[in-house]
Amino acid sequence: MLRALYTAASGMEAQQINIDTIAHNLANINTAGFKQRRAQFQDLLYQNMRAAGVANTANTEIPVGLQIGLGTKPVATQMIFTQGDFSVTNNPLDLVIEGQGFFQVLLPNGELAYTRSGNFHLNRDGSLVTPEGDMLDPQITIPQDQIGIMIGSDGTVSVLQAGQMEPQQVGRVEIATFQNPGGLQSIGKNLFKPSTASGDPITGTPGENGLGSLLSGFIEQSNVSVVEEMVSMIISQRAYEANSKVIRTADEMITQANNVIR
Amino acid sequence: MRRPRWNETGDTTLNSGLYTAYSGLRAQMDSLDLLANNLANVQTAGFKEQRPFFSLLGMGPEAGPETELNAVVNSQAHLAGSVLNFIDGPLLATGRPLDVAIVGTGFLAVQAPNGIRYSRNGSLSSDAQSQLVTADGFPVLGEKGLIRLGAGEVEIGQNGEVFVNHALVDRLRVVALDNIQQLQREGHSLFALPPGSPDPRPATEASIRQGYIEQSNVNPVAATVRMVEILRHFEAIQKSLNLISNVMDAKAIDKLTR
Chain A
1 MLRALYTAAS GMEAQQINID TIAHNLANIN TAGFKQRRAQ FQDLLYQNMR
51 AAGVANTANT EIPVGLQIGL GTKPVATQMI FTQGDFSVTN NPLDLVIEGQ
101 GFFQVLLPNG ELAYTRSGNF HLNRDGSLVT PEGDMLDPQI TIPQDQIGIM
151 IGSDGTVSVL QAGQMEPQQV GRVEIATFQN PGGLQSIGKN LFKPSTASGD
201 PITGTPGENG LGSLLSGFIE QSNVSVVEEM VSMIISQRAY EANSKVIRTA
251 DEMITQANNV IR
Chain B
1 MRRPRWNETG DTTLNSGLYT AYSGLRAQMD SLDLLANNLA NVQTAGFKEQ
51 RPFFSLLGMG PEAGPETELN AVVNSQAHLA GSVLNFIDGP LLATGRPLDV
101 AIVGTGFLAV QAPNGIRYSR NGSLSSDAQS QLVTADGFPV LGEKGLIRLG
151 AGEVEIGQNG EVFVNHALVD RLRVVALDNI QQLQREGHSL FALPPGSPDP
201 RPATEASIRQ GYIEQSNVNP VAATVRMVEI LRHFEAIQKS LNLISNVMDA
251 KAIDKLTR
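Protein sequence lines, in the order shown, are assigned to chains A and B. Residue numbers for the first sequence follow the numbering used here, beginning at 1 and rising by one. Residue numbers for the second sequence follow the numbering used here, beginning at 1 and rising by one.
For the record, the hints were derived by calculation from the structure and aren't laboratory data. You may find that some hints are simply not true.
As the list claims (entries may be wrong) - Cross-link-like lysine-lysine pairs, in silico, DSBU-like; alpha carbons within 35 Å at most: (1) B:239 / A:245; (2) A:189 / A:73; (3) B:144 / A:193.
What the hints assert, rightly or not - Have a look at the derived ranges for each label pair, beta carbon to beta carbon: (4) A:251 / B:163: 47 to 57 Å; (5) B:93 / A:87: 18 to 28 Å; (6) B:163 / A:196: 20 to 30 Å.
Unchecked claim - Under 10 Å between C-beta atoms, here's a sample of chain B residues computed to sit facing chain A: (7) 29; (8) 34; (9) 41; (10) 95; (11) 99; (12) 127; (13) 129; (14) 133; (15) 150; (16) 186; (17) 187; (18) 195; (19) 238; (20) 241.
Using N, Cα and C, we set each Cβ at its ideal position, and we do this for glycine too.
Bound-form chain A, shown alone (with noise of 0.2 Å):
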């Protein structure tokens, strides 16, 4: 009987991690190159009561066993790396990466970390920063007296001077990709830290070995679809009403059978 209990906890604590999950993809449904998180569940140890195939008499064997499980464990929250939409900004620093990559930033301390998020600004220097002014690597600087940025689709970066006929090639946005982007660690800041699982990065030019291509003027949006995860936020307060049902009914029966003497 407590095991029913117990069982129902595991499933309630796993809608609560559901829910939780559903409320950062909802709270990050304007975030610029957010991905979708999903949690995922697996079954938990079973409690093997009778085996199955082992002989009852001589010529029988047991056809069905019993086994029950003991509930249900969160094992991963994956990053769906489905496109978002884009929208137009007409803001040439604007870039999306068509397809697969991340952009490098290069972090206050030193290390690399890695974004789809492509809105980026020019800091006093002229150099290409994120809003929270960390430089993109390699490093691009736009001079002064430019009037006028072209980034192409393979991320050559041109720029248009006063007094010049033909745009001057400055430099080249390299983009990164990974063995298993699944396995990236989320820092925050729309940023990744590459991990054990995800395997080193591989960088190059935009739209080479199947690296995704730029494309300037454009953000990209959040991939969170707002209906799916209404859905899901509605068939998981279900599951986890009807967990706590159990709960409620395995509490009854024991109140019934301690009711037996009296």
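Given chain A's structure and the hints, the job is docking chain B onto it.
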């Protein structure tokens, strides 16, 4: 527990109905445990519902003459097994390339630490060595062994063929298991074959859907109804137990000793 029994003369040691009722309570409790596990796993991908399977525990030949009264009073209900409901769960479109759902009778073969295990949970990933693995990091097996994906776009065909950047890499080892009811559940969404089983044959009636996961086939509404049923059965049995022990026995002891 040793059960008192009716003998040929119809005498009884203490009320055997008490033990029959007790066995009923026990069976209902066990089936609530099963149901709790089903409901806890309504969101576990590839989870298969377990249904209780009750049987009557007869007394056997040593119980004396097989009269009808003997059979009724001395038999006990118990939860004899859990039957796997193997019907496909509903598909959920995720659009994630490494999510695969198996439609029809088939299992993915997984290299678990204790040997090859079988799973219906197709929410897969690739690890740092770019091998196709389950959420626990156990490698998913192809016909040539471990499946190495490498970087690139992964496509998985309906017959389980895995393509990376349009080049065929391997084919998922999808197997059909004949003795589904004898599978051992091991948690981690894995099933094990009972020891001594023959190697499973390749699945012929299964197809793979990339970008989908198979949801749990537990129906929460049906399970909630079943829960009410269990509670009411329990209540009814408890009432009869109460009647036997607190009314009949108590009266008998009280009146006969006066």
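Status of the hints after comparison with the structure:
Between the alpha carbons of residue 239 (chain B) and residue 245 (chain A) the distance comes to roughly 22 Å, so the proposed pair stays at or under 35 Å and holds. Of the supplied pair hints, the one linking residue 189 (chain A) and residue 73 (chain A) holds, its CA atoms being roughly 28 Å apart against a limit of 35 Å. The suggested pairing of residue 144 (chain B) with residue 193 (chain A) holds, with an alpha-carbon distance near 33 Å, which does not exceed 35 Å. In this structure the hint that residue 251 (chain A) and residue 163 (chain B) lie 47 to 57 Å apart at CB holds, the actual value being about 53 Å.
At about 24 Å, the CB distance of residue 93 (chain B) to residue 87 (chain A) agrees with the hint of 18 to 28 Å. The hint said 20 to 30 Å for the Cβ distance between residue 163 (chain B) and residue 196 (chain A), and at roughly 27 Å that hint holds. With a cut of 10 Å, the hint placing residue 29 (chain B) at the interface with chain A holds, because the nearest CB-to-CB distance is about 5 Å. Among the interface hints, the one on residue 34 (chain B) holds; its C-beta lies about 6 Å from the nearest C-beta in chain A, closer than the 10 Å criterion.
Given hint, residue 41 (chain B) at the interface with chain A, holds; its Cβ is 5 Å from that chain's nearest Cβ, closer than 10 Å. For the restraint placing residue 95 (chain B) at the interface with chain A, the shortest Cβ-Cβ distance is roughly 5 Å, inside the 10 Å limit, so the hint holds. Contact between residue 99 (chain B) and chain A, as hinted, is supported at the beta carbon level, the nearest pair being about 9 Å apart and thus within 10 Å. Annotation: residue 127 (chain B) was flagged as interfacial toward chain A, and the flag holds, the nearest CB pair being 6 Å apart, inside 10 Å.
Look at residue 129 (chain B): its Cβ gets to within about 7 Å of chain A, closer than 10 Å, so that hint holds up. With a least beta-carbon distance of about 9 Å to chain A, the hint placing residue 133 (chain B) at the interface is held under the 10 Å criterion. Annotation: interface hint on residue 150 (chain B) holds; nearest CB of chain A at approximately 8 Å, less than 10 Å. Checking residue 186 (chain B) against chain A: minimum C-beta separation of about 7 Å stays under 10 Å; hint holds.
Interface hint at residue 187 (chain B): satisfied, since its Cβ lies 5 Å from the closest Cβ of chain A, which is below the 10 Å cut-off. With a least beta-carbon distance of about 8 Å to chain A, the hint placing residue 195 (chain B) at the interface is held under the 10 Å criterion. Restraint check, residue 238 (chain B) versus chain A: the minimum CB separation of about 5 Å is within 10 Å; hint holds. Interface restraint check: residue 241 (chain B) against chain A, minimum CB-CB distance 6 Å, threshold 10 Å, status holds.
Hint violations for this structure: none, all hints satisfied.
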